[in-house]
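**Q** Kindly produce the complete structure, drawing on both the sequences and the hints.
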Amino acid sequence: MSGDIVEKIPETVTSASIRSALMEWLVVHVASALEMSEEAIDAGRNLEDYGLDSMQAVGLTGDLQSWLGVEIPPTAIWDHATIESTCEFLIQLMPAYRSATNGAASGRAETKRRA
Amino acid sequence: MGLCRLDEPGTILEILQIRASDEPDGLLYSFLASPHTTTTLTYGQLLKKVKTFAGMLQERSGQHERAILVYPPGLDFIVALFGCMAAGLVPIPVYPRFGTRLERSLERIQHVATDADCRLILTTEQLLPEIGPNPSVNSLRFTCLATNDLSEAAGWDADLCLPEPESLAYLQYTSGSTKLPRGVKITHRNAVTNSAALCDCYSLDRESRFVVWIPPYHDMGLIIGIFLPLVAGFPVTLMAPYTFVQNPAIWLETMSQTHATGTVSPNFGYELCVRKMSDEAVARLDLSQWRVAMNGAEPVSPATMERFAGKFSPAGFRKSVFCPSYGLAEATLLVAASVGTEPQVRAFDRSLLESGCVQVCAENQDNARLLVGHGKPGPSIGLRIVNPATREACPDGQVGEIWVSGSGVAQGYQNKHELSRQIFQAYLADTGEGPFLRTGDLGFVLDGQLYIAGRIKDLIIVAGRKHFPEDLEQCVRESHPAFRGMPGAVFSVELEGQEEVVVLQKINRRLTAGVREEDLFRAVQRALSQDNIKADAIVLVKAGTIPRTTSGKVQRHQCRRDFLARKVKGWAQWMSPRFMRAVQKSPQVNRVLRMSQSG
Chain A
53 MSGDIVEKIP
63 ETVTSASIRS
73 ALMEWLVVHV
83 ASALEMSEEA
93 IDAGRNLEDY
103 GLDSMQAVGL
113 TGDLQSWLGV
123 EIPPTAIWDH
133 ATIESTCEFL
143 IQLMPAYRSA
153 TNGAASGRAE
163 TKRRA
Chain B
50 MGLCRLDEPG
60 TILEILQIRA
70 SDEPDGLLYS
80 FLASPHTTTT
90 LTYGQLLKKV
100 KTFAGMLQER
110 SGQHERAILV
120 YPPGLDFIVA
130 LFGCMAAGLV
140 PIPVYPRFGT
150 RLERSLERIQ
160 HVATDADCRL
170 ILTTEQLLPE
180 IGPNPSVNSL
190 RFTCLATNDL
200 SEAAGWDADL
210 CLPEPESLAY
220 LQYTSGSTKL
230 PRGVKITHRN
240 AVTNSAALCD
250 CYSLDRESRF
260 VVWIPPYHDM
270 GLIIGIFLPL
280 VAGFPVTLMA
290 PYTFVQNPAI
300 WLETMSQTHA
310 TGTVSPNFGY
320 ELCVRKMSDE
330 AVARLDLSQW
340 RVAMNGAEPV
350 SPATMERFAG
360 KFSPAGFRKS
370 VFCPSYGLAE
380 ATLLVAASVG
390 TEPQVRAFDR
400 SLLESGCVQV
410 CAENQDNARL
420 LVGHGKPGPS
430 IGLRIVNPAT
440 REACPDGQVG
450 EIWVSGSGVA
460 QGYQNKHELS
470 RQIFQAYLAD
480 TGEGPFLRTG
490 DLGFVLDGQL
500 YIAGRIKDLI
510 IVAGRKHFPE
520 DLEQCVRESH
530 PAFRGMPGAV
540 FSVELEGQEE
550 VVVLQKINRR
560 LTAGVREEDL
570 FRAVQRALSQ
580 DNIKADAIVL
590 VKAGTIPRTT
600 SGKVQRHQCR
610 RDFLARKVKG
620 WAQWMSPRFM
630 RAVQKSPQVN
640 RVLRMSQSG
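Going line by line, the protein sequences match chains A and B. First residue of the first sequence: 53, per my numbering; consecutive thereafter. First residue of the second sequence: 50, per my numbering; consecutive thereafter.
For the record, the hints were derived by calculation from the structure and aren't laboratory data.
Ranges of calculated distance between the beta carbons of each label pair, as one might list FRET restraints:
(1) A:76 to B:415: 39 to 45 Å
(2) A:97 to B:74: 50 to 56 Å
(3) A:125 to B:74: 33 to 39 Å
(4) B:359 to A:141: 34 to 40 Å
When the alpha-carbon atoms are kept at most 25 Å apart in a straight line, the in silico SDA-like pairs for lysine to any residue are as follows:
(5) B:325 to A:88
(6) B:325 to A:89
(7) B:325 to A:117
(8) B:325 to A:83
(9) B:515 to A:127
(10) B:325 to A:77
(11) B:325 to A:100
(12) B:325 to A:118
(13) B:515 to A:100
(14) B:325 to A:79
(15) B:325 to A:76
(16) B:325 to A:84
(17) B:360 to A:84
(18) B:325 to A:127
(19) B:325 to A:119
(20) B:325 to A:93
(21) B:325 to A:75
(22) B:360 to A:117
(23) B:325 to A:85
(24) B:360 to A:107
(25) B:515 to A:86
(26) B:325 to A:115
(27) B:325 to A:128
(28) B:325 to A:134
(29) B:325 to A:123
A few chain B positions that, by computed beta-carbon distances, are all more than 10 Å from chain A:
(30) 152
(31) 434
(32) 597
Note that the Cβ used here is the ideal one computed from N, Cα and C, for glycine as well.
**A** Encoded structure:
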């Protein structure tokens, strides 16, 4: 696995846009796993209420990994229970990814972020 | 098969001793902790660790006779398992937590501890700080020991306690729910002879090589992943189930890299690979060494096998590799399996089958039910199809309960004497032949092949775990004030080969003013999720809708029939979109079941 979470989000990189891209991804994929409409998913609601089981939650972290190209703990969604707190957790993970890549890309992202 | 049969080995520990002295450097277990990290144990290393562990236990565990093992999947678990046996303790593996939600695991541990009268918990340094001080654990006055680093400590080195073959090797808590667990008593002889039967049945030898992701707390993971490789003498690569579920490709990639010849999975594992792996990923695989793909623990779907074989044939996978297998913890594991030929798939008239009559029909017939042959009983395993009401053997062409005999049949359930007598000590009424294990599964034999038709008990099996509907109904009832004291029924219906869970629950209308239907549905889902189940259909029913016997027992079969015939009258109902779609796609069910999603 290589790459930077920021690289995958092509818009002007601000924490707000990262958050909204992650939120959107999570809503779309959780809805698809549950076979519900995206509008019916409340990002603040415990995903177990919708019948999401631990296996689906782990499966989604795998899809997240392929999308972001970085390792995500299998427990990430299950432990954080809601889309919102999963999203916060993923954002918390980002500095770690950035320092791990330690290259030009991460420097650029860091600069853009401050701008 | 001479190579994998040792001369009358009585216990798994004797086999370990023999192998460790014959070939101390032979690789036995590899554990894939992450895609880049593998830890390994040779026979020699394992024996050394087991002795150290046993020495530590003998010194520190006091008077305990049993120990609950709370370990994440990995080599520490294996050392603890054998270490307990070597110290003369009976190990009781339980599911550890997944993620940070330890409370569910603790609840189960409490119930298992009470059932097994066990007050010793062995765990890892990482988990100990969470388990030890927990009030619910404290209230049962447990002794908790962390073992992973201790086992490296110098000075401890026990002589192996070599138990009698007939003594208890471990307690297997795979069936039952959290609140009412059932611990199957497995002796050393059970474990060794069933492993040897597996070896013969699937033609495994020292050249075999397995990859297993099934959790070791499950009978299938424990026997196939841990005992079988040791008994047969071949290396195995193990991984945690979440490693596989997060990235299903890793299972087949590991098989490809290690030139594995065999593996095991419930049907959903094969299905997941079909769904999640890209054709590019398939192109990188070499599965031409693969000889044995055991498929068991939940109904085997002909469609899944078809799709899997289609998808992975470019990598050298052949359909004849599939081995639909039937077994249960009460028989240690293996009962019957289809090996070495393409699995037999035949169509049967569904309504005749439900009335107990086996009638082959055309696959495209409206009410055809496709069933997969599970081959013949394994070596030294006896099988009878029995009328569960009369307890007489069924004539050919009739569906009956599957009864099993042989040295794999366990000694009963821990702490449940009457139930054990009923289930493990059954005799044929006409000939007096016995004792047999009553499996509770319905099946029949046709042209020498065992087919599984359903279950007598209303057991619900999700992802290979068995759940008793009484327990689930109780969980649902307690999940909302409007359900309390109201009757309900939880049962499963089969749609497109998948088991779907249906909940009927009566509500107290006086307590639902201002309550949103949605919240009631969610209360049900949340309650079931404690046992890792989700409902695919929920109906909040009107009075008199749940049929009961005169003694007040819920008649789930009748509930199911009513539900399928659209006779259930509800205030509100919810169905998962998957369920809706399956219903629409299935003409047979669609004819009787056209329910609209509630608003």
